[in-house]
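Based on these hints, arrange chain V on the given structure of chain G.
Those protein sequence lines, which keep their order, are chains G and V. Following our numbering, the numbering of the first sequence begins with 1 at its first residue and continues without gaps. Following our numbering, the numbering of the second sequence begins with 1 at its first residue and continues without gaps.
If you're looking for bench data, these hints aren't it; they were derived computationally from the structure. Quick caveat: nothing in here was measured; it's all calculated off a predicted structure.
Below, computed lysine to aspartate or glutamate pairings styled on EDC-like, alpha-carbon distance capped at 20 Å:
1. V:K19 to G:D94
2. V:K19 to G:D35
3. V:K19 to G:E14
4. V:K27 to G:E39
5. G:K47 to G:E9
6. G:K47 to V:E236
Facing chain V, from chain G, some residues (calculated, C-beta under 8 Å):
7. E9
8. G18
9. D21
10. Q38
11. E39
12. F41
13. A42
14. H46
15. R49
16. L97
17. Y116
18. F117
19. H144
20. L147
21. R148
Derived contacts from chain V toward chain G, CB cut-off under 10 Å, selection only:
22. F15
23. D22
24. V33
Cβ coordinates follow ideal geometry from the N, Cα and C atoms, glycine included.
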Amino acid sequence: VDERARAIEQLYRERFAGYCDALTGVTGDRERARDAVQEAFARALHKRRRLRRDESLAPWVWTIAFRIALDNRPRQGLARPELNEPALPDSARDPELAEAIRSLPPRRRLIVFLRYFADFSYGEIADACQVTEGTVAATLAHAHDALRTTLTTEHVEGGRR
Amino acid sequence: MTEMNDKQSLLAGRFEALKARDPGDWKAVRVRVRRMRRQRAAVVGAVTLATAVLAAPAFSIGERLADLIQGSPAPLEVQAYFVANDELRREMLARRADAGQELHDQFSPVIADEARGVFAIDAQQGPTYLWAAPTEDGRQCWLIQTGTRPATGRPFGTSSCDGTEESPAFSPGIIAWADLPNVVIVHVRVHDEAIARVDVEIDGRPAVALPVAAGHALGSVAKGERVSAFVGRNTEGDEVARFTVG
Chain G
1 VDERARAIEQ LYRERFAGYC DALTGVTGDR ERARDAVQEA FARALHKRRR LRRDESLAPW
61 VWTIAFRIAL DNRPRQGLAR PELNEPALPD SARDPELAEA IRSLPPRRRL IVFLRYFADF
121 SYGEIADACQ VTEGTVAATL AHAHDALRTT LTTEHVEGGR R
Chain V
1 MTEMNDKQSL LAGRFEALKA RDPGDWKAVR VRVRRMRRQR AAVVGAVTLA TAVLAAPAFS
61 IGERLADLIQ GSPAPLEVQA YFVANDELRR EMLARRADAG QELHDQFSPV IADEARGVFA
121 IDAQQGPTYL WAAPTEDGRQ CWLIQTGTRP ATGRPFGTSS CDGTEESPAF SPGIIAWADL
181 PNVVIVHVRV HDEAIARVDV EIDGRPAVAL PVAAGHALGS VAKGERVSAF VGRNTEGDEV
241 ARFTVG
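Isolated chain G (complex conformation):
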């Protein structure tokens, strides 16, 4: 087994669920997200030698999955809000967090998902979203501030600490 194949398998075992969670936030459909992630890892394995030496594996696979998910969206649903408006999957389990996420601009939501669902480093997020690490750090800092305010306020109003 070559090194890249081994690295792809290891990435799969470590982050499959996280990729699915993050992508579900984009597609709004867990099964569609899961299928896209499966297909993305298969394509990555099949085309692994196309990965440039200076390219990080995790964002490369994510980008493949993201494109597959968008390409496979239902034709009548091109304007479906969940594609442009990433949302917390299974929001009923944490409606406060879901509401707080909704308060963020879509781009920040995706970065938050990649950070906390898919466990991406700042550098990996930067590669996946084609932005600088500084932008990632600033975006996450803003997201933290916004979410901390929202969640803390809701906790206080709800009598929870």
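Below, chain V without anything else, positioned relative to chain G:
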């Protein structure tokens, strides 16, 4: 907040509680890969002739081009060889102590009636053919045929199949037969689709380029010459993979 500590944040904890515990299905990923390889093999098969014609000047090492197989189905004798070989593989695997799921994973029936010619070179004692057939899960089996038994018409030579392990960029081999007293056959099973040709580096003379078709490269080298390395190159001539002969 820094990258180091934002994972300990309130936010991170809330997300952690929502994460799915789905381990995925790695085997299903590999099945998809095999399907992709099989689809690719079918496409490559359709363009094999064109590839071979374009590459004809470098087709054999110092010998004339014997024939180009038109990509049409292999003769019935060759198809029968694949079928018989399949049975042999099945029997051998069935005897393994760890048969079961392992057997299921390793063995995939060959589709003999989809066998096709990939190369034919003149290896001094007559033509040497390379026939390839897909397996049901998208791998390949192949036969390098050096002759035909007069009594039965059955081809003989050496055959092999792709393993289930993830493949390296390419797998070179040097094959010597008593029937071929003057040459050895060099065969390279190429898995990396970026590799368009394989350079065979030989001590004391320039490297010889073999074209890749349907995931194979085939040539011959005079006995006594020492092959020092196989180098896979892309269409631009850049090195993609190298195997140094020890």
